[in-house]
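Asker: Chains A and B supply the protein sequences, listed in that same order.
Going by our numbering, 60 is the number at position 69 of the first sequence; the sequence numbering is gapless.
Each number in our numbering corresponds to the 1-based position in the second sequence with 258 added.
If you are wondering where the hints come from, they were derived from the structure by calculation, not from laboratory data.
Beta carbons: idealized from backbone N, C-alpha and C, even for Gly.
Take these hints with a grain of salt, some might be off.
[As the list claims (entries may be wrong)] For each label pair, taking beta carbons as the anchor points, the in silico distance ranges come out as:
#1 Ala267(B) x Asn62(A): 49 to 59 angstroms
#2 Tyr100(A) x Ser780(B): 37 to 47 angstroms
#3 Val444(B) x Thr78(A): 20 to 30 angstroms
#4 Ile141(A) x Ser502(B): 40 to 50 angstroms
#5 Ile278(B) x Ser66(A): 54 to 64 angstroms
#6 Thr78(A) x Asp506(B): 18 to 28 angstroms
#7 Asn62(A) x Asn531(B): 25 to 35 angstroms
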Amino acid sequence: MATKKSKRKAPSSRGIMNQKQKRLAFLVDIEPKKMILYPLVVFVLALLLLAVHPPDRGIDLKGGVVVTVYNVDASPDELASYLTDKTGIELHAERFHDPINGITGIRVYAPADANPDLISDLIKARYPNADVTPRVVDPTFGKIAQRQGIKAVAYAFIGMAIVVFLFFRDLLPSGTIIFSAFSDMVIALAVMGILGVKLTTATIAALLMLIGYTVDSNILLTTRLLRRKEDTVEDAYLSAVSTGFTMSTTTLGALIVLWLVSTSDVIDSITIVLIFGLLADFMNTWILNAGVLRWYIASPYRFSIKLRRGS
Amino acid sequence: MAKRRGIKALLLNWRVLLLILFLIGSIAAIAVNGLTYGIDIGGGVALIAKPDRPLSGDEVDGVTSSLQNRLNTFGLKDISIETQHDPETGETLFVVKVANVTLDEAKSIKALIESQGVLYMELDGVVFATGGDVTVYSSNYGLDLRSPAPRWYVGFTLSGDSLKKFNELKKGKVGWPVDIFLDPPVNSLIVVSDEVYNTMQDFLGEPASGTPKPLIQRISEAFNITVVKYENQSAEELVKNATSLGKDKIIVADLPEELYTQIKNEVLRSNVNVRVSYYVPQQGEDLKGFVARILHLYGPYVLSEEVVMGDSNSFQLTGGAATKEEALQEAKRIYSVLRSGSLPTKLRVISEEYISPTLGSSFKKQALIAGLGALIAVLLVIYFHYRRWKIAIPVASTSLFEVIIILGMASLIHWNLDLPSIAGIIAAIGTGVDQQIVITDELLGGSSARGVSRRMGLLRRMARAFFVILASATTTIVAMSFLLVYFVGTLKGFAVTTILGVLIGVLITRPAYAEMAKYLLSLE
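Okay, chain A solo, but in the shape it has when bound (with noise of 0.2 angstroms):
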């Protein structure tokens, strides 16, 4: 029975495999010297862009008051005139969707030096069955908390690029992992300046991820070409872009579906980052990359490449 069954089925699912390396075959034709030069340009349009409109900062990095209010019958229009009026202090309000709890909310956004307590008092006084949940933010925190993050983003990065220089010992392919890697998030951070995505802890974290998914890509890539000496250079692209296709709509598909169904703005912002980045890391490691890697096969002049096996 089971030999029956892999007859019919065995060449299905290869056959599959086959027709998405033909549908990518086009990227095969692109001029490795081409491939090397759009992933550029959208990494110096992404620094200008970048230098012109930086993401803002959210206010866990730079101080603030966000009062998140449930169960109100209000505008946000109207609860931000009330407040101002008692307060004397210019507010600003939002409203937000919850899907799955069919709950909406209004946030409520102060500078840092308003008194978050006597906002929840005055919310709770006119509307009795409001949910109010405060967060406050002092500068000085803000400035904890950012330089950490830039620290952390910092060694985590320098600690990559380490590692990977250790697995490959080769100057140029480590060296194109790393600069992925760092155009990857320099993309994801001026989406987030486009889009308004805010810059907070939880975009760090996701901006750490980011360095996580992009090394694995690239791994894989640097991995089939170097390694895989019983195909032609084109064969092993092909197969890593087809894998890596593969990987990266399963990932996107599953932070789309994050997105979608998560109001919390944490979860919210940590998709939406990693989404670009993953878009960016796509371009970054099966264009760029595999442009620098397939020019550098091809060289006439390249030093040695330094395998452990297999070669």
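With the hints as your guide, set chain B onto chain A.
Answerer: Chain B alone, transformed into the frame defined by chain A:
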């Protein structure tokens, strides 16, 4: 027949067995320990406080135990105080998390952290010593070994004026009560029920001669605390009463919560600067204990004949307990209360986050739905890519197993799952799925379009897959370890769950998945 033998062999494969063992262990751990949630999910308040100057290690301990003591007066169970040291600036931050509190309790907790603890010793309505006058030595507490029943003692000394004042006051007052307060509600109006009022008339000690003043009178004279019985006064009357007496606090104790809400709204309406707080007795709390909790009162202790007659500057507080352990516990508590009275520094709350418990539970539901949704998305996308459930189902279920094992480990080490921890689990699952795809493609990729790679054996292809997996796992772990060591903020949970997830993936789930995939794909 061959198929069945295959399954048996698969189940007996040590990699698969290991996965099964870990799964059972994790489910058991979750069943026994349960999962604990961070404040941002479970509800509660998280406060980060910064001292006004860098502290030495001993001072950090002092501040921590003092905070613990002072917070205990709220009668809350889940109080955690962590310290985080910033190696760069030498600063220590105190992270105080209290689960399941009301918004008002959260406010009082913040106020308490920001106010410097003040210790008062009072006799006959006169404060004779405050924190700075009292010195306790670190070895001077323990069990009184001469006594047959378990008894504890804490020794302290009084200095200068306070000693003189005490010597004046104590004359002829053998058996009179001495009260010790840590952060009493100075300058307040306390509205109480009949029972509580009557209990407060007590606290008289065992006077050998004379009549000590009742507690209500003592605290009125010493701290300007006015206690009134609730006799259907309106909220307006009570607030007027408090403002006319110049009080800055109103405490409502053992009365309906409506009264408290009315008073609070009245305070807001008339725009006076008065804080309102609310106390109810907890389950199993006797009224005397309740009164002590409202007033932050320790004792009362009773003046012994020795003390009244003697003229030494060193004294002992003593008391009995049911067991030796409890006695020692009590001695430690009183020792740290006495020490708390003179904290070396003031704390300032620099970050405050409050999540109401009801909201917390909706977050939990949401996280669960989001997680299941993501899992289904993985299942469908993988099916779309390979067109077979035989790959999609094992990949998705391996991810599910991985989540269960991560949660099991978290419950085993009592890790509090907060939002960054959950982000870390998502990250680990994301890389996990990626790596399973690498394994699957290496297995399937045996014959490529040109059919050349048949030469390469299964083992070599697996070796290559695991090289990729190992390389990416190592980079992630190294990167996250830096985060774990150097980052002082709230992202630690992210690093912990990511590292945990990656380790579990490399050591347990990935090898087992490879075996399962080999079996399922070779069957076809």
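Asker: Confirm or reject each hint.
Answerer: Hints, verified against the model:
Range check, Ala267(B) to Asn62(A): about 58 angstroms between beta-carbon atoms, so the 49 to 59 angstroms window is met. Between Tyr100(A) and Ser780(B) the beta carbon distance is about 59 angstroms. The supplied range of 37 to 47 angstroms is therefore violated. In this structure the supplied range 20 to 30 angstroms holds for Val444(B) paired with Thr78(A), their Cβ-Cβ distance being about 28 angstroms. The given range of 40 to 50 angstroms is broken by Ile141(A) and Ser502(B), whose C-beta atoms sit roughly 55 angstroms from each other.
In this structure the hint that Ile278(B) and Ser66(A) lie 54 to 64 angstroms apart at CB holds, the actual value being about 55 angstroms. Take Thr78(A) and Asp506(B): their Cβ atoms lie about 20 angstroms apart, and the range 18 to 28 angstroms holds. A hinted range of 25 to 35 angstroms holds for the C-beta pair Asn62(A) and Asn531(B), which are about 28 angstroms apart.
Checked against the numbered hints given earlier, the structure breaks hints 2 and 4 and satisfies all the rest.
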